[in-house]
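Please build the complete structure, drawing on both the sequences and the hints.
The numbers in the numbering used here rise by one with no breaks, and the one at position 37 of the sequence shown is 37.
Treat the hints as calculated values from the structure; they're not laboratory data. Please note: incorrect hints may appear among the correct ones.
Subject to a maximum C-alpha distance of 27 Å in a straight line, what follows is the list of computed BS3-like cross-link-like pairs (lysine-lysine) [as the list claims (entries may be wrong)]: (1) 249 x 10; (2) 36 x 10; (3) 36 x 249.
Label pairs and their calculated CB-CB ranges [said to hold, decoys possible]: (4) 155 x 31: 40 to 46 Å; (5) 228 x 33: 36 to 42 Å; (6) 12 x 47: 25 to 31 Å; (7) 126 x 30: 34 to 40 Å; (8) 47 x 271: 46 to 52 Å; (9) 218 x 89: 36 to 42 Å; (10) 185 x 5: 16 to 22 Å; (11) 271 x 124: 17 to 23 Å; (12) 9 x 94: 17 to 23 Å; (13) 32 x 271: 41 to 47 Å; (14) 90 x 148: 33 to 39 Å; (15) 27 x 113: 25 to 31 Å; (16) 86 x 169: 41 to 47 Å; (17) 5 x 103: 48 to 54 Å.
Every residue gets a Cβ at the ideal spot worked out from N, C-alpha and C, and that includes glycine.
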Amino acid sequence: MTLRSVDLRKEPVEAVLDRMERSLGVRLEHETVVRKRRSVGARTDRGTWVRIERRGLDRIGVQGGDGTASAEALRGIAKPAWFAGVAWRDEAEPVMWRADETELLPGTPVGSAVVAEDPQLSEEWWAAMNASLDALAAQHTNRIATPDTETLTQELVAGTIHSVFPGVDTVVVEQRPAHADFNWANMTGPVFCAFDWEDWGMAPRGLDAANLWGASLAVPALADRVRSERRDDLDTRDGRLMTLFVAAKILGPYADPDDPRLGAARETAERAVEELRTG
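See the structure below:
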């Protein structure tokens with residue numbers, strides 16, 4: 001069966017929400033519902049948050065789609081506590097629905113995934129972000145990161161980079177745990193907290209830093225700040241590869257010609273290519 005493309009911002013989800021409420025024993029505060037392309041979230045009557053995701057069975061694999069629950073084992077990271085979860089297979093399509101109940105966030109999302117203006121974050125915020133990323137990198141897991149629900153294999157790295165930067169040696173040297181969807185929509189301010197952990201797992205060093213850099217390119221000073229804060233990751237061989245990985249997604253065949261990030265992405269990527277070639 002072919003999996004149809006679905007946007008949950010437009011799809012009826014009442015039956016899914018009803019099933020989740022019965023399974024977890026909660027009631028949603030429907031005025032708080034946030035609908036995204038493949039997930040729906042809302043506050044509950046017991047002061048928690050529930051996120052429901054639709055994911056094709058072909059994008060689950062052996063990891064089981066329980067990223068948010070498994071992230072509860074991580075230590076030293078500012079993130080909402082996980083309380084409960086439930087999953088079921090769709091009756092009509094090769095799809096799994098999963099709902100996870102977590103602690104409420106300590107603030108609001110910093111912005112959309114890609115920001116157009118400087119969020120004016122405090123020094124304490126940057127210190128907390130760095131502490132969480134450093135703590136994450138020191139942990140151990142058998143999970144593999146799945147950015148955009150795709151398993152992050154060596155082949156995916158090579159194919160993505162070579163689609164824009166052919167001839168680059170894309171062999172990954174160092175793997176570390178990563179959030180894998182680290183952007184401004186998945187962290188809070190003014191108090192730092194990272195959420196939406198469904199895709200976390202092992203990834204080339206620098207993936208999270210490169211993702212945040214790419215999400216900041218429309219604000220050059222912010223992109224420079226990200227690179228400065230995470231230079232220990234981004235100035236490594238794998239950090240440069242992840243810079244190219246993210247830049248290739250911005251510059252690739254589906255690039256928006258009006259994307260304000262294009263010029264900065266191209267400039268930094270060309271520098272990374274030269275640094276990789278000269279060692």
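The hints, checked one at a time:
{"no.": "1", "hint": "249 x 10", "in the structure": "holds (25 Å)"}
{"no.": "2", "hint": "36 x 10", "in the structure": "holds (9 Å)"}
{"no.": "3", "hint": "36 x 249", "in the structure": "holds (20 Å)"}
{"no.": "4", "hint": "155 x 31: 40 to 46 Å", "in the structure": "holds (45 Å)"}
{"no.": "5", "hint": "228 x 33: 36 to 42 Å", "in the structure": "holds (38 Å)"}
{"no.": "6", "hint": "12 x 47: 25 to 31 Å", "in the structure": "holds (27 Å)"}
{"no.": "7", "hint": "126 x 30: 34 to 40 Å", "in the structure": "holds (36 Å)"}
{"no.": "8", "hint": "47 x 271: 46 to 52 Å", "in the structure": "holds (48 Å)"}
{"no.": "9", "hint": "218 x 89: 36 to 42 Å", "in the structure": "holds (40 Å)"}
{"no.": "10", "hint": "185 x 5: 16 to 22 Å", "in the structure": "holds (21 Å)"}
{"no.": "11", "hint": "271 x 124: 17 to 23 Å", "in the structure": "violated (31 Å)"}
{"no.": "12", "hint": "9 x 94: 17 to 23 Å", "in the structure": "holds (22 Å)"}
{"no.": "13", "hint": "32 x 271: 41 to 47 Å", "in the structure": "holds (44 Å)"}
{"no.": "14", "hint": "90 x 148: 33 to 39 Å", "in the structure": "violated (21 Å)"}
{"no.": "15", "hint": "27 x 113: 25 to 31 Å", "in the structure": "holds (30 Å)"}
{"no.": "16", "hint": "86 x 169: 41 to 47 Å", "in the structure": "holds (45 Å)"}
{"no.": "17", "hint": "5 x 103: 48 to 54 Å", "in the structure": "violated (32 Å)"}
Violated hints, listed in ascending order, are 11, 14 and 17; each of the other numbered hints is respected by the structure.
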